[in-house]
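Trainee: Sequence:
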Amino acid sequence: MAIFWLNSEIRMAETFRAICVIESHGHADAVGDKGAAVGIAQIHKILVDDVNRIQSRKHFFYIDRLSPKESYEMFRIYVNHYAPNGGPEQWARIWNGGPRGAEKSSTLRYWEKVHVEMLRHKKYD
Numbered sequence: 006m007a008i009f010w011l012n013s014e015i016r017m018a019e020t021f022r023a024i025c026v027i028e029s030h031g032h033a034d035a036v037g038d039k040g041a042a043v044g045i046a047q048i049h050k051i052l053v054d055d056v057n058r059i060q061s062r063k064h065f066f067y068i069d070r071l072s073p074k075e076s077y078e079m080f081r082i083y084v085n086h087y088a089p090n091g092g093p094e095q096w097a098r099i100w101n102g103g104p105r106g107a108e109k110s111s112t113l114r115y116w117e118k119v120h121v122e123m124l125r126h127k128k129y130d
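At position 118 of the sequence shown the residue is numbered 123 (the numbering used here), and the sequence of numbers has no breaks.
I should point out that these hints are in silico values taken from the structure, not numbers from a laboratory.
Ideal placement from N, C-alpha and C gives every residue a C-beta, glycine not left out.
One or more hints might be untrue.
As the list claims (entries may be wrong) - Capping the alpha-carbon separation at 27 Å, the derived lysine-lysine pairs in BS3-like fashion look like this:
hint: 1; residue 1: Lys109; residue 2: Lys39
hint: 2; residue 1: Lys39; residue 2: Lys118
hint: 3; residue 1: Lys118; residue 2: Lys63
hint: 4; residue 1: Lys50; residue 2: Lys127
hint: 5; residue 1: Lys63; residue 2: Lys39
hint: 6; residue 1: Lys63; residue 2: Lys50
hint: 7; residue 1: Lys74; residue 2: Lys39
hint: 8; residue 1: Lys118; residue 2: Lys50
hint: 9; residue 1: Lys74; residue 2: Lys63
hint: 10; residue 1: Lys118; residue 2: Lys74
hint: 11; residue 1: Lys50; residue 2: Lys39
As the list claims (entries may be wrong) - Here are the in silico distance ranges between beta carbons for each label pair:
hint: 12; residue 1: Lys50; residue 2: Lys74; range: 11 to 21 Å
hint: 13; residue 1: Lys127; residue 2: Ile68; range: 11 to 21 Å
hint: 14; residue 1: Ile15; residue 2: Gly40; range: 29 to 39 Å
hint: 15; residue 1: Asn12; residue 2: Ala41; range: 13 to 23 Å
hint: 16; residue 1: Arg125; residue 2: His64; range: 26 to 36 Å
hint: 17; residue 1: His120; residue 2: His32; range: 19 to 29 Å
hint: 18; residue 1: Asn12; residue 2: Gly40; range: 35 to 45 Å
When you get a sec, could you build the whole thing from the sequences and use the hints?
Mentor: Structure, rendered in structure tokens:
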């Protein structure tokens, strides 16, 4: 069981890293979507609010979107909540399209970008 958990954590970290390259080219101070998306993973305020709701407490603040460490924690909580048995494709599509993102055809292109980035990175590891 421990090996499965570790493998899942590695895959989640690799997925997040690829998302950050796609979203911000790895820049923690990036601002996009007319100011609505902030940080390395381009997080919107509504996602921070949803993660706090999932946690049943206000643990994260909007400023935390500028912290790569806090952004990764929000990513983990969010995708584990909406895709507890998911993998990189589901995680990326949910990140892009919201809680039901894995079911939306509009998120397929985003997944393709993330997947290509994951493969590109593995080639040079």
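Trainee: Range first: 35 to 45 Å. Now tell me if the beta carbons of Asn12 and Gly40 are that far apart.
Mentor: 38 Å, holds
Trainee: Straight-line Cα separation of Lys74 and Lys63 no greater than 27 Å?
Mentor: Given that 27 Å is the threshold and the Cα spacing comes to 17 Å, the pair holds.
Trainee: Is the Cα-Cα distance between Lys39 and Lys118 27 Å or less?
Mentor: Judged against 27 Å, a Cα distance of about 22 Å means the pair holds.
Trainee: Is 13 to 23 Å a correct range for the gap between the Cβ atoms of Asn12 and Ala41?
Mentor: At 34 Å between Cβs, range violated.
Trainee: Would the hint linking Lys50 and Lys39 be met if the CA-CA limit is 27 Å?
Mentor: Since the Cα atoms of Lys50 and Lys39 sit roughly 13 Å apart, the hinted pair holds (cutoff 27 Å).
Trainee: Is Lys118 close enough to Lys50, meaning Cα to Cα at most 27 Å?
Mentor: This hinted pair holds, its Cα atoms lying about 24 Å apart.
Trainee: If I claimed the Cβ atoms of Ile15 and Gly40 lie 29 to 39 Å apart, would that claim hold in this structure?
Mentor: 34 Å, holds
Trainee: Does Lys39 lie within 27 Å of Lys74 when you go C-alpha to C-alpha?
Mentor: 24 Å, holds
Trainee: Would the hint linking Lys50 and Lys127 be met if the CA-CA limit is 27 Å?
Mentor: 32 Å, violated
Trainee: Holds or violated: 11 to 21 Å for the Cβ distance of Lys50 and Lys74?
Mentor: Holds - the Cβ-Cβ distance for Lys50 and Lys74, about 19 Å, lies within 11 to 21 Å.
Trainee: Should the hint that Arg125 and His64 are 26 to 36 Å apart at their CB atoms be regarded as holding?
Mentor: 33 Å Cβ-Cβ, so the 26 to 36 Å window holds.
Trainee: Please verify whether Lys109 and Lys39 have alpha carbons no more than 27 Å apart.
Mentor: Roughly 24 Å between the alpha carbons, so the hint for Lys109 and Lys39 holds.
Hints 3, 4, 13 and 15, counting from the list given before, are not met by this structure.
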